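A.B. asks: Listed here are the chains, written in short residue letters.
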Amino acid sequence: MVMIVNPLNIILILIGAAFLIVILDPIFRRARLIEFGGVIASLAFTATLIILAIEAAAGAAARTVIFGPDSPLTASLKLDALSIYLSMIFSGLGLMASIYSIRYMLFDVEHLPLDDLLWIRRRELGFDRYYALLLTLIAGMIGVTMANDFFTLYVFWELMAISSYSLVAFRKWSWEAVEAGFKYLVMSTLGSLAALLGIALLYGLAGSLRFDAVKAAVFGGNIAATFSLAMIVIGFGVTTAIVPFHSWLPDAHPAAPTPISAVLSGIVIKTGVYAILWPMFRVFGPATYGFGPILIGLGILTMSFANIAALMQTDIKRFLAYSSIANIGYIVMGLGLAAHILKAHPSEIGPAALALAGALLHVLNHALGKGLSFLSAGCYIIRTGSREIGSLEGVGPRMPITTASLGVGLLNLAGVPPLSGFWSKLLIISAGLGVPSDSLMLAATIIFILNSVLAAGYYLWLLQRLAFKKPGSSGAHREIKEAPPLMLAPLIILAAACIMVTIMLNPILQFIQNILEVIM
Amino acid sequence: MSLHEIYFAGSLLLIVAGLYAIASKRHLVKIVIGLEVVTLGVNLAIASMGVRIVDGALVMDALAQSMIAISIAVAAAITALALSIALNIYRHYGTFDIRKLRRLRW
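Those sequence lines, one after another, are chains W and A.
So the first sequence is numbered by the numbering used here: it starts at 721 and just counts up by one.
So the second sequence is numbered by the numbering used here: it starts at 433 and just counts up by one.
Hints are computed from structural coordinates only; laboratory data are not their basis.
Owing to the predicted nature of the structure, the values given are computational and were not obtained by experimental measurement.
Note that CB positions come from ideal geometry on N, CA and C, so glycine has one too.
Covered by chain A, according to a simulated footprint, are these stretches of chain W (three or more residues, beta-carbon under 8 Å): (1) 865-879; (2) 887-898; (3) 902-913.
Use the sequences and the hints to build the structure in full.
C.D. replies: In structure tokens, the structure reads:
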């Protein structure tokens, strides 16, 4: 059975649910049911996930849908294995975040100092807008992966970006959130504008923005196309947090409410990875434009900087934010290795496919692992009221389920075998060693291995401090209870998903094989 | 110089002016204005790619027109959001000066 779903419907479900929440809010608020927004959002994400799963099971045949007459000027959407893979990750983590938010957001408000609480109560809590923005955020990300021309990609990109700025600044009663929101807005908007300038140049070159038309126009390689590729990569690289453009991330991700931190760190920056990957591999082509060494360099810079910076953090959310930057470095280096092999050693298709598969698998692993770590950190923050790792020491035995989930997430991120985080790193490493004569790849792989070992060290160190260390004199953690069940459920599901990915590695790698046929 | 080049040069001028405003000004609202000027520059760049002279009349490509229209709408949303965040910053600190903020390091 092949089910034909218009890709637009998947996006419309999420946007429709967002409107529904905002419209119905006054009715439900009068009935004192402020949790309903989370329920509707969870149902919408579940529906999206089911549709996408049916599509994936039906074989994920690539197709495009054109709106209006078939001219090179009209907008169009596509649905292929890569967009289904990423959209499933996005709506899955969105579902977990919205279930988690139902309890978390209430706690988040109750833990305010009394003055602030009065300030909020006088106005409104804004939970309806919180869930509506979460839905449009995920809708924008799914739209980015389904766009079939550069301008549609840009429009959905801005839908995602505007939602994420508002969500970072959502806790407007805290100085941290509004400052970080403003910084994020200015830097990321400048990035989007750089990408739009690159897109404008491509439009001048090709006369159309369809990926196929642009591909035909930039085929030979010329200076204007190279410049616009650079602008697109720099522009989307700001939101991806590649290192020279990362400085907003360690402020913005911790300042957001914790479920939003999980979504931002787990998947929003992966949308940036897609927005770089697709133009580079599918439109411009690594064989014509030799961007491989540049990507490898950026990846190494990103992971080395972020791993060293993460060691110095005392705030658990900032620590996790820096480790997200490091993981982006791994993914970018995987892409760079693939591009470099396709350019310099065109006969070695095998290692290039390994590097791309490793990068794509790491997107899934990092989304699960980082989502799990942030949500677990949120449970600690709710129960102890502190984000400092020092005062969280030894809290583990009091909250066994949270700590066990955090353990699975951190071990997955650390790449401890047999968890799937190990296999994605192994794929990238074996791709890097696949062409033994190439000294650049060899050096890059050695730095990659050193970084992985360093990262594994500090993840385990964090786990040891939280779970096994005796609590210091400052906090005895006697009265601390386990987090409420509605917050534990997403943690348990995500931890189970980490283990399931490890067990089902074979079918997932086969699905990634389909994606590679689309990209390469 | 052809029409495209004049438009494109103008757009680069606007982008540089906006970037200068963002980098040098200390007032939050002036930074938002700089952001808006950069947006206008990019819109003019799109126009420079789509403009043609057909039979002596200035004609704009349909795709360029729709791109500029949507880009203006997006910029309006971003400006509104930026100003509302700036207002919240003012509520916390009583100033629009970014040097007074605690952690705004670029």
